[in-house]
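Protein sequence lines correspond, in order, to chains A and B.
Using the numbering used here, the first residue of the first sequence is number 1, and each one after it goes up by one.
Using the numbering used here, the first residue of the second sequence is number 1001, and each one after it goes up by one.
Calculated from the structure, these hints are not laboratory results.
One or more hints might be untrue.
[What the hints assert, rightly or not] These stretches of chain A come out as covered by chain B in the derived footprint (C-beta under 8 angstroms, 3 or more residues):
1. 16 to 25
2. 159 to 170
[Unchecked claim] With a cut-off of at most 30 angstroms between alpha-carbon atoms, the simulated DSBU-like pairs for lysine-lysine come out as follows:
3. B/Lys1568 / B/Lys1227
4. A/Lys71 / B/Lys1568
5. B/Lys1188 / A/Lys125
6. B/Lys1227 / B/Lys1212
7. B/Lys1568 / A/Lys45
8. A/Lys71 / A/Lys113
9. B/Lys1217 / A/Lys71
10. B/Lys1227 / B/Lys1217
11. B/Lys1133 / B/Lys1188
12. A/Lys71 / B/Lys1580
13. A/Lys103 / A/Lys113
14. A/Lys71 / A/Lys103
15. B/Lys1568 / B/Lys1188
16. B/Lys1133 / B/Lys1212
17. B/Lys1482 / A/Lys113
18. A/Lys103 / B/Lys1133
19. B/Lys1212 / B/Lys1188
20. B/Lys1212 / B/Lys1580
21. B/Lys1217 / B/Lys1188
22. B/Lys1568 / B/Lys1580
23. B/Lys1212 / B/Lys1482
24. B/Lys1227 / A/Lys71
25. A/Lys103 / A/Lys89
26. A/Lys125 / A/Lys113
Beta carbons: idealized from backbone N, C-alpha and C, even for Gly.
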Amino acid sequence: MSNTNQWDAVDAQSRAVLPDAIMHYITECRARPHAESRLIAVLHKVQQHFGYLAPEHLDAVAQLLQIPTAKVTGVATFYHFFHLEPRGKFVINVCMGTACYVKGADRIAERLKEELGIDFGETTKDGLFTLDATRCLGTCGLAPVIMIGDQVHGEVTPDQIPNLLEQTLRSLRSS
Amino acid sequence: MNEQNTVTLLIDEVSVQVPAGTTIMEAAETLGITIPRLCYHPDLSLQGSCRVCLVEVQDIPFYVTACSASVTEGMAVRTNSPEIRQARRDIVELLLDNHPRECQTCERDGHCELQRLAYTLGVRERLFEGERKCFAVEDSSSAVVRDSEKCILCGRCVRVCDEIQGVHNLSQQHRGDLTVVTPAHGAKMDDSVCIQCGQCINVCPTASLLEKSHTDKVWQALADPAKHVVVQTAPSIRAAIGEGFGLAPGTPATGRMVTALRRLGFDAIFDTDLGADLTIVEEAHEFLRRLQTGPLPMLTSCSPGWISFMEKFYPELIPHASTCRSPMSMTSALIKSYYAETSQHRPEEIYSVAVMPCVAKKYEAQRPEHYLTPDLPMTDAVLTTRELIWMIQSYGIDFAALPDSAFDAPLGIATGAGDIFGTTGGVMEATLRTAAEYLTGNPVQRLEYTEVRAVEGLREADIAIGDQTVTVGVANGLINAKTLLDRVIRGERQYHIIEIMACPGGCIGGGGQPYPPRGFHILDPALLAQRASALYQSDAARSLRRSHENPAVQALYDAFLGEPGSEKSHALLHTSYAAKLPKGIR
């Protein structure tokens, strides 16, 4: 009887999915006791590299760390920080904290949804923008506030939105 | 009892002494008080998530969960204060608020723990009405159906899959009101590492997990005059079916079961015990061959849940698995070949039904290896014990009052060795009864090998047969099988033969067996012991107790198969296995 052990194939496939740096990290984790406790740290690294966690990434992490896949996807789907879909080049976060909300964050959000043609949690078809709502960013003095990538924009009005998006795209073209 | 290791406390103003470390729930049970519970299961780890078992403890400013809180000296517990009764009722009302209102049309009506709890706690109206969770039923699987709307997130299925079976297929995914129990990636059951054992169905308090029903197909076949409908019943059905009709657990009901099947309209009623005898004869021959040529240990192959487990978790051990089909598939193969010939039916007009204690048999029946031609399955439908009980009830048959009758020829004669297949260690014991004679070439007096009855889940023994010693291992519950198989892989011990049954206690604890009668919990060792004793009684009452002495088996070889291991028996009675994905993590 042949080909009864697919472990080599599964292992090779898992290794092919993840970059070397993460493979090294996983190997390090496995050399220490309680490797399973490093799951979240490994998922962070994978998301940092790919921008999100695809099913094949989760499968690879499960096989290489030898943690049941259902547990791995359970963790990945539990935490808001982990994203299971590809994210846009620019993530726009609309602050929905009290101060921003009072100052019209909902109208900003509506305008963004309209301009981008997407809802919260979604990404534009061209892969450029992801729209998210966020809790207080700690810059209430500038309310209402949105973040585009790591840039904070304060005292935003709905009419500024098209311009802000245009500027963002220009920065992409010039870089 | 040592004074220091004992704790004295008051439960509902009654003083009780229990060992330190006892939980409040266990202490109350010693007084005959059953505290309501939902997520708790004595064989599984504590979760404490359902909050139904809340009790009041004097000087503790909050209610505590009786399942997880240990007793302390001088503790004063109240299990039924008005406040506690109200809190429990509120909790269950909130669960019901997020639960479909379809008790009357639900498969578990009358057997549902949530329904029983709501009644017991006095929930008589639905005060909270709001948005409910909304999930599609996942019924693509050949065996296990998942309805997440009925799930109350007690986590028993997750724990049984992790802790008893070591499969780790289920987990809670997402969070908050979107939390849902699924395999990894929310995959369909058949695309996951699920081995279809059905233990999640057993422990589910509601109808969130159920077997794929075949009862409609069977009613249709029974009503179809063009079909010759044949049924076989597994060894362990006779030990459990009576529970569905109020008979005491452990009452063998073979004769009444056969009569009931006849009343339902089956044209011929055969005994899977015969398939079990045949399995033993084939397997014993295979074992003798493997003693010469290897590879050893030989692993038994009757349990389809175990076979799936091997294919997904231990594919490197496939060469060790006996190539014998399960007793069900052997019997089915003979029904559509030997019986078809002798009864002058075309195989296509025979509808072959198997009554099994097992959910995974539904999966086994549709595996391509168990088809005679690409369009002709050996087994057309598999009913669980629960499904057959329902059919008999639905027909209106008064089971308890039925007279006995006997299985039909030519596939209805069996030995006691076939009976004990239904309990852990039974296949091993039956194999030893036959192999002992084959190995020594002489009749062997010894019949009972009690040292292989693995009631605690895992057993090993050295059995002297003539001048040889055969080292055997027996495991039930796949977490125990893992322990044994890892020993094999690490080369820690050389076994000759290992019996593995996926379910706790073997088939008597199968995923398709009746929900427990009052006074027992699901997978209750006391209940399993009763069912096992029914099989041992049946075995002891037989004049023939060695498989190879079965005259029907001998006649089969003479008239049809040739000899054990012949080309014809290989084609009909043996099969093959293959590594399957996704690869399980063990």
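Now for the hints, and whether the structure bears them out:
no., hint, result
1, 16 to 25, "violated (count 0)"
2, 159 to 170, "violated (count 0)"
3, B/Lys1568 / B/Lys1227, "holds, 27 angstroms"
4, A/Lys71 / B/Lys1568, "violated, 46 angstroms"
5, B/Lys1188 / A/Lys125, "holds, 28 angstroms"
6, B/Lys1227 / B/Lys1212, "holds, 23 angstroms"
7, B/Lys1568 / A/Lys45, "violated, 58 angstroms"
8, A/Lys71 / A/Lys113, "violated, 34 angstroms"
9, B/Lys1217 / A/Lys71, "violated, 37 angstroms"
10, B/Lys1227 / B/Lys1217, "holds, 12 angstroms"
11, B/Lys1133 / B/Lys1188, "holds, 19 angstroms"
12, A/Lys71 / B/Lys1580, "holds, 20 angstroms"
13, A/Lys103 / A/Lys113, "holds, 18 angstroms"
14, A/Lys71 / A/Lys103, "violated, 42 angstroms"
15, B/Lys1568 / B/Lys1188, "violated, 38 angstroms"
16, B/Lys1133 / B/Lys1212, "holds, 23 angstroms"
17, B/Lys1482 / A/Lys113, "violated, 53 angstroms"
18, A/Lys103 / B/Lys1133, "violated, 34 angstroms"
19, B/Lys1212 / B/Lys1188, "holds, 14 angstroms"
20, B/Lys1212 / B/Lys1580, "holds, 22 angstroms"
21, B/Lys1217 / B/Lys1188, "holds, 23 angstroms"
22, B/Lys1568 / B/Lys1580, "holds, 28 angstroms"
23, B/Lys1212 / B/Lys1482, "holds, 28 angstroms"
24, B/Lys1227 / A/Lys71, "violated, 47 angstroms"
25, A/Lys103 / A/Lys89, "holds, 28 angstroms"
26, A/Lys125 / A/Lys113, "holds, 13 angstroms"
Checked against the numbered hints listed earlier, the structure breaks hints 1, 2, 4, 7, 8, 9, 14, 15, 17, 18 and 24; every other hint is satisfied.
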